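Asker: With chain A fixed as given, assemble chain B onto it according to the hints.
Protein chains in written order, with my numbering: chain A, 1 to 409; chain B, 410 to 969.
It should be emphasised that the hints constitute simulated quantities derived from the structure, not laboratory data.
Nothing false has been slipped in among the hints.
Some, not all, of what chain B presents toward chain A, calculated at C-beta under 7 Å:
| no. | residue |
| --- | --- |
| 1 | Asp486 |
| 2 | Glu734 |
| 3 | Leu764 |
| 4 | Met789 |
| 5 | Phe797 |
| 6 | Asp874 |
| 7 | Ala876 |
Remember, it's a predicted structure, so these values are computed and weren't measured experimentally.
Glycine residues also receive a C-beta, built at the ideal position from the N, C-alpha and C atoms.
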Amino acid sequence: MLTKHVWSRLVALAALLASGAAAAATYDPGQVWNMPVGVTELSREVFKLHMVIFWVCVVIAIVVFGAMFYSVFAHRRSRHPKPADFHESTSIEILWTVIPFAILVVMAIPAAGTLIRMEDMRGAELSIKVTGFQWKWQYEYVDKGVSFYSTLHADSNHARQLHSGIDPNTIPNYLLEVDNRLVVPTGTKVRFLITANDVIHAWWVPDLAVKKDAIPGYVNEMWATVDEPGIYRGVCAELCGRDHGFMPIVVEAVDPPAFEQWLADRKSGKATAIGHGPAPVLVASAGASAAAPSPQPAAPATEVAAAPAPATPAAAADGGKVYNAQCAACHQPGGQGMPPSFPALVGSKVVNGPAEAHIQHTLKGKNLMPPFAHLSDADIAAALTYERTSWGHKAGAVTAEQVKAQRGK
Amino acid sequence: MAHHDQSHAAHDDHAHHGPVQLSDGFGKWIMRWITTTNHKDLGTLYLLLSCTMFLVGGLMSLVIRAELWMPGLQFVDPEFFNQMTTLHALVMIFGGVMPGFVGLANWMVPMQVGASDLALPRVNNWGFWILPFAFSMLLSGLFMDSGAPAGGWTMYPPLVLQTGSSFPMLIFAIHLMGISSITGAINVIVTILNMRAPGMTLLKLPLFCWTWLVTAYLLIATMPVLAGAVTMLLTDKYFGTSFFSAAGGGDPVMFQHIFWFFGHPEVYILILPAFGVVSTIIPTFARKALFGYDSMVYAVASIAFLSFIVWAHHMFTVGMPLAGELFFMFATMLIAVPTGVKVFNWIATMWRGSLTFETPMLFAVAFVFLFTIGGFSGLMLAIAPADFQYHDTYFVVAHFHYVLVPGAVFAIIAAVYYWIPKWTGVMYNETLGKAHFWLSAIFINVLFFPQHFIGLAGMQRRVPDYALAFADINALSSIGAFGFFVAQFLMLYNFARCVWFRNGMQPATQRVWEGAHGLEWTVPSPAPYHTFETPPQIDEGELTSVHDEFDALDHHRINK
Numbered sequence: 001m002l003t004k005h006v007w008s009r010l011v012a013l014a015a016l017l018a019s020g021a022a023a024a025a026t027y028d029p030g031q032v033w034n035m036p037v038g039v040t041e042l043s044r045e046v047f048k049l050h051m052v053i054f055w056v057c058v059v060i061a062i063v064v065f066g067a068m069f070y071s072v073f074a075h076r077r078s079r080h081p082k083p084a085d086f087h088e089s090t091s092i093e094i095l096w097t098v099i100p101f102a103i104l105v106v107m108a109i110p111a112a113g114t115l116i117r118m119e120d121m122r123g124a125e126l127s128i129k130v131t132g133f134q135w136k137w138q139y140e141y142v143d144k145g146v147s148f149y150s151t152l153h154a155d156s157n158h159a160r161q162l163h164s165g166i167d168p169n170t171i172p173n174y175l176l177e178v179d180n181r182l183v184v185p186t187g188t189k190v191r192f193l194i195t196a197n198d199v200i201h202a203w204w205v206p207d208l209a210v211k212k213d214a215i216p217g218y219v220n221e222m223w224a225t226v227d228e229p230g231i232y233r234g235v236c237a238e239l240c241g242r243d244h245g246f247m248p249i250v251v252e253a254v255d256p257p258a259f260e261q262w263l264a265d266r267k268s269g270k271a272t273a274i275g276h277g278p279a280p281v282l283v284a285s286a287g288a289s290a291a292a293p294s295p296q297p298a299a300p301a302t303e304v305a306a307a308p309a310p311a312t313p314a315a316a317a318d319g320g321k322v323y324n325a326q327c328a329a330c331h332q333p334g335g336q337g338m339p340p341s342f343p344a345l346v347g348s349k350v351v352n353g354p355a356e357a358h359i360q361h362t363l364k365g366k367n368l369m370p371p372f373a374h375l376s377d378a379d380i381a382a383a384l385t386y387e388r389t390s391w392g393h394k395a396g397a398v399t400a401e402q403v404k405a406q407r408g409k
Numbered sequence: 410m411a412h413h414d415q416s417h418a419a420h421d422d423h424a425h426h427g428p429v430q431l432s433d434g435f436g437k438w439i440m441r442w443i444t445t446t447n448h449k450d451l452g453t454l455y456l457l458l459s460c461t462m463f464l465v466g467g468l469m470s471l472v473i474r475a476e477l478w479m480p481g482l483q484f485v486d487p488e489f490f491n492q493m494t495t496l497h498a499l500v501m502i503f504g505g506v507m508p509g510f511v512g513l514a515n516w517m518v519p520m521q522v523g524a525s526d527l528a529l530p531r532v533n534n535w536g537f538w539i540l541p542f543a544f545s546m547l548l549s550g551l552f553m554d555s556g557a558p559a560g561g562w563t564m565y566p567p568l569v570l571q572t573g574s575s576f577p578m579l580i581f582a583i584h585l586m587g588i589s590s591i592t593g594a595i596n597v598i599v600t601i602l603n604m605r606a607p608g609m610t611l612l613k614l615p616l617f618c619w620t621w622l623v624t625a626y627l628l629i630a631t632m633p634v635l636a637g638a639v640t641m642l643l644t645d646k647y648f649g650t651s652f653f654s655a656a657g658g659g660d661p662v663m664f665q666h667i668f669w670f671f672g673h674p675e676v677y678i679l680i681l682p683a684f685g686v687v688s689t690i691i692p693t694f695a696r697k698a699l700f701g702y703d704s705m706v707y708a709v710a711s712i713a714f715l716s717f718i719v720w721a722h723h724m725f726t727v728g729m730p731l732a733g734e735l736f737f738m739f740a741t742m743l744i745a746v747p748t749g750v751k752v753f754n755w756i757a758t759m760w761r762g763s764l765t766f767e768t769p770m771l772f773a774v775a776f777v778f779l780f781t782i783g784g785f786s787g788l789m790l791a792i793a794p795a796d797f798q799y800h801d802t803y804f805v806v807a808h809f810h811y812v813l814v815p816g817a818v819f820a821i822i823a824a825v826y827y828w829i830p831k832w833t834g835v836m837y838n839e840t841l842g843k844a845h846f847w848l849s850a851i852f853i854n855v856l857f858f859p860q861h862f863i864g865l866a867g868m869q870r871r872v873p874d875y876a877l878a879f880a881d882i883n884a885l886s887s888i889g890a891f892g893f894f895v896a897q898f899l900m901l902y903n904f905a906r907c908v909w910f911r912n913g914m915q916p917a918t919q920r921v922w923e924g925a926h927g928l929e930w931t932v933p934s935p936a937p938y939h940t941f942e943t944p945p946q947i948d949e950g951e952l953t954s955v956h957d958e959f960d961a962l963d964h965h966r967i968n969k
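One chain only, chain A, in its complex shape (with noise of 0.2 Å):
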């Protein structure tokens, strides 16, 4: 299969580089060879900066490689047999540090003015804070009561463990798709504050084009003005660990009036169309096949569908996807762990031991795993019950209730 794959690219690339034609049909040439100019007042300035940047040291590429090359044709020994004796020449040496040194100031002005405006944060109408956990985001709407987690798209998760068998280019928005988005409001001053809760992360959307370290113990800012409507998708682009390819963000900016419908739904719980990734199709598959024959016949690679049927199959449900957005990232889908960092479940004494001493580490963590105790106790126990259910476990069900009991001890 490998093999295969390996002779399509190749034949995908030489197609490419055949034709400009191929090239131009292929790509938007904006969004895969330069930067994107983005939709903020900001990321046009630095759009702007980087073209001129650019063009300047095309211009000084050209003379100066085309004297080295001219060189290279005109004075090789068969065409000019006798050396030239000269090796200095003060004027010249003057002339070719000043020359740049005065295209540098012309170039650090702009850049000055550029720098000084994105760090002027005077007038933010909106503050979000923006927190990095290994391996996702969590934002806090300041004094809205709004605060969610942001997590990698369940379908890009499956599809991305490897040797899943699930061919990424089937899923749309591959590693660029999250659960829950970050929603925004259009012509509004935002403000991030931008931290991080366990190692360093940075958080970046090119098309909003400021890109902030998330340092535990501080807290960055960075401001954007989103103009149009629309979805910007970004990375987290400082390494943390195993999975920092797998953090996307994904900004959703909406005309002020849904914003504040959508906060007001947030807020009471209310279902709203906003700011969720779509449904997951994968998991989805995965889930009922536990019930009724495999629609996929990859569908082998996707653990969950492994996973024996559990007592209320709602429950499990929610459980495996709970389990898959906040667990299987260390512990793997098939709950195998990677050891010795990361430990397996199936077997585990943890999960198969008392359901409070459970929750306790689930709430607390230990190592290297970072406490959980910021999900519903709902979601705590749907995990757990799903840990404890499947594969092969027959340790029971786990209940809100006894979560919260688990609280603050």
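Answerer: Leaving out everything else, chain B in the frame of chain A:
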């Protein structure tokens, strides 16, 4: 008295017979290499270590490029992928490029300044033999349950503190590499300052020695800083300190400041000797003296000075105060001036020369071309507001690989092609050399040029998997990586023939290259085991530095 004479005779005996050969017995031969204090032997050992490490680091890069060949995870777990990126960097920087240049310095610095050996030969032996242990320790993590270090070569806490049992191995390995570098640096400085042949004033020093002298000072200034930083990591992990832990009153960003105070000069440690090599090779094959010798020296010194005040441009995104960002942006842009001067000088050296393109010259010209491309992307990265977009993307990966591979590595390759006839006494095969050059030059660009684009378009560094839009360019890049790796075996075959399988190889003349100047070309080929046991008379024609003003002064004096 008689006794004294005897020992004296024994000493002479040794000198005349030269080094122990394999034919003298395997045990004796091994002990020669372990106990050797000869700068040429140690130069050879350094170069062999460098070559081995380039292969090891190269194989790691192939694991990386194989995994990135297409979207999805096909071969390795993300954790192992991170181990590969981390070790690839450490092995290439500390095991490939640095020992490569130390090997060249061992061989060439004494021969270029007319000294019989480096100043401190036993320290030199020690400095080398530390390294195999250091790298065994660094790589030992691969055989541990908890795996090798995977927090990136920059070792940022808190992430690096999550490393398992290989963590103390990493720290100790870094300490050992630092000790080795410092001993090498001391040797170079003492040799150049104290052991130059009579008449070789500092401004007549070959440029390779000048660049190495400055590099050695950078090493002495920065390696202890790195040692301090990693020691604090060690105590944070095992002894309950909180230098870099915010929860204990420490500061994770402080590590980055300390690390890059070492790290940025380190970048110039990797490239300044390359400048020296290129400044040696281009005049030889242009048959024309180096243009602007003095300005070359001043440019190297300015670059070295600036390298100490630009470190935070590696950390524009940590949230520095505006004043800090502005200062580091301006200081970084300034580096373009002396670097530009060097490039202009190289081109002016070629200008109206009489150029031929033997393999060392091909690599040197490619260096000027491709290193400058890396310089341009460096200038773009200096613009702080734009750097917020470039930072930690493949644009940066492309940038530093352009300055390190067709930069530093091409310079090492060029230097070995240039001097190997002097070392072995036979000419390498020119046709194979040219084939090696063209394959390397083509594949290195296939490998790294496309990475600029995916970086700009939003692909971050140090990830084993990526969004679908980046698939084709990543595949192209992987083809370049495998092609480049395979092409290097042409060079290995060529050099192995010079060293071990010399049948049918053309003997090298004493001068080797008709346009070459310098004391190393005044001794026979191969260079005898001991050279310049008495200080040489320097013929003016052997000086690689030519100054107008001195001539003008002389004329002036004569006219008076």
